[in-house]
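> Please build the complete structure, drawing on both the sequences and the hints.
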Amino acid sequence: MHAPVVSTGRDLRLDLFRGIALWLIFLDHIPSNLVAWGTLRNYGFSDATEIFVFVSGYTAAFVYGKEMRERGFIIAGARILRRTWQIYVAHVFLFAIYLAEISYVATSFENPLYAEEMNILDFLKQPDVTIIQALLLKFKPSNMDVLPLYIILLLLFPPTLWLLQFRSTLALGASVLLYVLTWEFNWNMPSYPSGHWYFNPFAWQLLFVFGAWCALGGAQRLSTVLQSPVTVSIAIAYLVFAFVISLTWYVPGLGQYVPHWLEEVIYPIDKVNLDVLRFAHFLALAVVTVKFVPRDWPFLKSRWAWPAIVCGQHSLEIFCLGVFLSFAAHFAMVEVSGAFWMQLLVSAVGILIMIAAACLIRWYKVAEGRSPGSRSMKTPDADLAGGEA
Amino acid sequence: MKTPVVSALAGLSLALGLLAGAAAAAEPCEVPNYLWFGNNDLKHVAEAVKKDKRLTIAVVGTGSSILAGPDGPPSAYPARLEAALKQKLPSVAVKVVTLVRTRMTAQDLAQGMGKLLIDEKPDLVIWQTGTLDAIRRIEPDDFRAALDEGVETLHRGGADVILMNMQYSPRTDIMIGLGPYADNMRVVAQQHEVPLFDRLAIMRHWSDTGAFDLYAAGKDNVLAHRVHDCIGRSIASMIIDAAHLRPADLKVGQ
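So the sequences go chain by chain: A and B. For the first sequence, the tail end lands on 389 under our numbering, and the numbers increase by one without skipping. For the second sequence, the tail end lands on 254 under our numbering, and the numbers increase by one without skipping.
There may be inaccurate statements among the hints.
As the list claims (entries may be wrong) - Rough simulated footprint, nothing fancy, chain A against chain B, three-plus residues with beta-carbon under 8 Å:
| id | segment |
| --- | --- |
| 1 | 55-66 |
| 2 | 136-148 |
| 3 | 171-177 |
| 4 | 182-190 |
| 5 | 209-217 |
Said to hold, decoys possible - For lysine to aspartate or glutamate, the following EDC-like pairs were computed, each having C-alpha atoms within a straight-line distance of at most 20 Å:
| id | chain 1 | residue 1 | chain 2 | residue 2 |
| --- | --- | --- | --- | --- |
| 6 | A | K138 | B | E139 |
| 7 | B | K43 | B | E152 |
| 8 | B | K219 | A | E335 |
In case anyone wonders, no lab produced these hints; they're calculated from the structure. Beta carbons: idealized from backbone N, C-alpha and C, even for Gly.
Put into structure tokens, the structure is as follows:
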């Protein structure tokens with residue numbers, strides 16, 4: 001494998017895996033969906049979120065790093081901030097859809113069995129406070145935690161990227177230090193009405209910065225280590241270990257075979273603060289992937305890989321659409337049927353809609369890039385990449 | 001004692017979507033073996049029943065441990081549990097007291113455990129919690145600390161504990177992230193070696209097998225009463241099992 005180098009073209013593997021991650025996030029967000037048994041989180045410690053955050057860091061550095069070298073800190077920084085704003089607007093849009101769904105439930109649901117669950121409507125009693133807290137990214141309904149993380153990471157990305165370009169080891173070291181201090185001192189951002197961010201940005205930044213560091217030559221520097229049989233063996237052994245442990249979550253009878261001391265060491269596996277076990281699991285997956293999926297793998301150019309790649313290349317739009325579709329799928333299951341055939345149907349239709357939307361967005365971008373009189377794009381491809389960090 | 005192979009097959013059948021679930025609908029309260037979480041002994045319960053012929057159980061919980069309306073209290077699961085235990089243990093004086101307060105987090109409930117031990121002197125406390133914590137998105141670490149505190153208080157006071165997690169509520173489950181709270185209840189149950197009545201998985205199973213239509217939105221008291229009856233009877237089975245109370249033992253002691 002040739003480690004991705006800054007100067008070469010886009011690594012389609014990243015788009016492929018980000019596209020697949022987006023599908024998995026969609027499936028995991030539909031509650032009571034048995035199709036989600038097939039997703040990554042049931043077979044190890046990490047899940048699609050890690051892939052999404054890492055690849056996002058990688059592509060952000062790849063796209064804006066080039067921009068920063070060619071056009072300077074101000075222009076690249078301004079484009080990153082514009083991107084941050086777009087994601088913020090997308091988050092608020094999703095919040096509006098969430099409000100619509102929950103308000104519908106509020107007026108139509110009166111099953112006496114679930115009187116306690118109806119406390120979720122408490123926040124509607126104080127719309128002034130709740131909506132302002134939502135705009136401040138402090139009130140985040142369930143399943144709407146990833147975009148606020150992404151917003152914070154991108155907001156602080158201009159100086160991070162600058163440091164990564166000129167003192168990459170120092171930048172990565174600072175990121176690790178922040179992660180360690182976060183664990184040591186329990187730093188996190190406050191949430192409304194209580195608690196903290198579900199994806200602690202002080203911890204999850206490690207994965208984002210690590211992705212960016214890899215894009216800016218880090219992966220190349222690591223390539224000897226990544227390719228060594230010892231590393232690959234350790235990675236495979238760890239993946240098997242994580243798989244066996246994850247089996248015990250779903251087959252309680254197996255739990256008794258896990259030694260007590262091991263339980264003490266590994267639990268709880270903290271998603272909020274990106275547990276070391278999760279990070280290591282992602283690294284192991286990455287090592288195995290890099291080893292067995294070469295960059296010039298012919299499948300990447302085949303039509304079977306294309307649907308995932310096109311979704312991965314328009315990740316913001318497809319991510320938001322995925323959250324919306326998971327609401328819609330849940331709604332359809334509640335109103336029509338929650339049976340297994342319905343779960344299969346909404347899962348499949350949802351992914352098809354995501355692919356169709358990605359094709360449409362791509363078509364728009366190509367059309368706009370070519371239309372006469374439009375702002376001169378360097379190339380459609382650069383726009384594609386630039387819009388999709 | 002179930003073998004790992006049986007458990008694995010059972011888990012697999014769940015994963016495959018319980019296509020044959022309709023067959024189980026005939027027996028709505030049936031709980032498959034793999035959903036019983038933790039095979040820990042209820043020593044105080046066993047002692048109270050076998051020696052003293054009496055059993056006092058306190059149900060500590062929130063809104064999902066009660067039902068509204070005039071026929072609510074006798075239909076809610078604590079009363080159904082009492083009825084089921086009296087039927088199964090006719091020679092034992094069974095008393096189930098409920099200390100239910102709505103809109104309480106695990107932390108709120110944990111603080112009342114000391115007083116509960118003095119007032120009621122229960123042999124067993126069934127602690128139902130987690131829903132409001134998930135709705136308010138209480139810090140999962142704080143939630144776990146509250147569970148730890150509550151269970152430790154009860155153990156020090158000489159009571160057995162059964163933890164009960166949230167209800168399976170398909171209509172609202174996209175809006176309430178139960179995952180971290182259910183996980184933490186599992187961890188606490190495992191670490192303190194107390195049984196967990198996995199209401200979430202059990203009700204989910206009843207829904208998947210078609211025993212109950214938990215998607216129903218309407219004001220259906222009959223459904224609510226039937227579900228609570230099944231929960232009460234299932235906990236009764238769990239207690240008998242975990243305290244190793246066999247009818248034969250009880251007769252010997254008489």
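> Hints broken by the structure, by number, lowest first?
none
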